[in-house]
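K.L.:
Below are the chains, spelled out letter by letter.
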Amino acid sequence: MNLNSDKWTGFLRIDIENRAGKSVPKNIYYYNALKVQRPIYHGTTGMPCYYILNVGGGYMNGDTYRLEVRLRENAKLTLTTLGATLIYKTLDKPAYQESEIVLEKDSYLVYLPDPIIGYENAQYKQVDTIYMEKGATLIYSDILTPGWSANGNSFTYNMLQLKTNIYMEDELVVYDNIKLAPAVQQIDVLGFMEDFTHLGTLIVIGEKTDDDLVKRLHQVIHEQPGKFDVGISRLSVPGFTIRIMANMTQDVQRIISVCHKLISEEWFDETPMFLRKY
Amino acid sequence: MDSSLLALFQLCDSNFPSGGFSHSFGLETFIQRNKVHNRDTFSQWLSLFLKEQMVSADGLAMKLVFNALEEGNIEEVWRLDRLLTIQNMSRETREGTRFMGRSLVKIAETIYDSEMITMYSKRILEKKSFAHPAILFALAGNHLKISRDTTILYYLYSTIINLVQNAVRAIPIGQTDGQRIISDFQPKLKEAVEVIKRLEENDFGTIAPGIEMAQMQHEYLNVRIFMS
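Residue numbers (this note's numbering), protein chains in the order written: chain A, 1 to 278; chain B, 1001 to 1228.
No lab work stands behind these hints, which were simulated from the structure alone. Keep in mind that a hint or two might mislead.
Claimed, not checked - Which chain B residues face chain A? A few, computed with CB under 8 angstroms, are given here:
(1) G1019
(2) M1089
(3) F1099
(4) M1116
(5) R1180
(6) I1182
(7) V1195
(8) I1211
(9) E1212
Predicted model only: the values in this text are computed from it and were never measured. The C-beta atom is built at its ideal place from N, Cα and C for all residues, glycine as well.
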C-alpha cells in the first residue's frame, strides 16, 4: 500500500518479476480512477500485456495521476491503454500525469499507449521518468492529437506538454520536451506543425541497435500508406527516436506498429500480438 | 571601447574557425524540398529557429550556466552540457554542435586564460563532456566579465550571421538580401533575450516539430553540401 496514493485522482503500480521464464505480477495496486485488467499472455513468450483503464472516462481540471512501473531482472511487459486519454476543458489547473518506470537489468518494456486527445481549452502536462539498467530494452511511444471541436478548428486545446527523461545507469541519456501551446503559439507555420495535426514519437533503447536496423526501419516506414512526415535518428546511446507528423491517428499508429513488429522479430524472435481493444 | 567586449567579438567573428559554415541545422532539408527558396521563406525559417530552438535550448542553457557560475555550482555547468547535447534528437545536429564546440573550446583555451574553459577542454578530452558552442560562449562571457544578457545576445547574433551566410550560398540569395535579414533581425534578437530572461527550466528544449524533423531527415538527403 502506498500511503500517499489517495492524494492522486488515479494511482497505479505494476511490479513484474520473472519466475522461471514467465513474467508475472509481483505486486499490482491501483486506486481511484486508474485500474488494470487481468493480463493477457501472447503465445509462449511469457510476456504479459496489461491494459490501463481510466475509470473516470477523461482527465479534467486539476486531475493528477501517477503510474509506477517496475520490471525486475529479466522481466518483460507490454503496457497499453484501453482507449485514448481524453483531456477536457481545464481552465485554471492543467491535468497532470507522472510516470516513474524502473527497468532492471535485461528487462524489456513495450509501452504503447493510445493517443492523448486535447479538446477545447484543454491543458495537460505529462512527465515520464525512466530509469534503465544495463541490458534493459525499451520501446516507448506517445501520440498527441487534437480533439473534435464545434468550430472545426484543429488546435483548440490550450496546451499539451510531454516531458520524457530517460536515465541509463543513472546518467541522463534522453531528454524530450514536447510542448504544443496553440493558445500562445502559431502552430501551423513553416518549421512547426506545418500542414499536420498529429505528432507521434517512438523512442527505442536497446544494446542491439545498429545502422542496418535503422536503415531497414526507415525503408519499411516509407512503404506505409497515408500522408505523413517522419524522421528517424540515432541517440547518443544504442537506440533511436522516430518522430511522426500526420493528420490521422491510424497513420501514426501504423508506423509505430510496423517498427515495433520489426524490432520485436529482430531482437526477440517474437511476432507481437495485435493489441485488440474494441 | 571595452577590451573585454573586443575579446568576445573575436568568438562571434564569422571568420573564426568554428566550422559553422558546414552546418545548416536542417535548413538544407527545407531548401531541397523547396519550402525555403527566397528571402521571405528563409526569414520565416530563421525566425522560428531563433524563437524556438535557439531560445529554449541554447539561450536558456546559457542563462542557466551563468546562474550556476554565480552560485559556484560547477557540476551544474557539466549537467547543462549533457542536457543541451542530448535534447537534440538529430544525430547530425548533435554531432555538428559537438564538432563546433570542440573547435571553439580548443581555440578559446589558447586565447583566454580561463580556468573553467581549461577544465571544460579537459573534460571533453576525457569524454566526460560533449562540447557545445553555447556552453563555451557562456564560459567565455563569464570569464571576460561580460553580462549574461549581452553574452547571450552576441551568441544569438553570431549564430544568425552564420546561418545567413550559409543561406546566401545554398538557396542562393543575394549578399544584400542577406545583410538586410541580419539588420531586420536586430529587434528579434533583443526580444529573444527578453524571452530567455523569463523562461524556466520546465520549458527547456521544447521542440519545433518541423525544424527538428528536417534536422533528423538531413542524414537521408542524397546530395548535400552541409554536414547537418
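K.L.:
Enumerate the violated hints, using their earlier numbering and listing them in ascending order.
P.N.:
1, 3, 4, 5, 6 and 7
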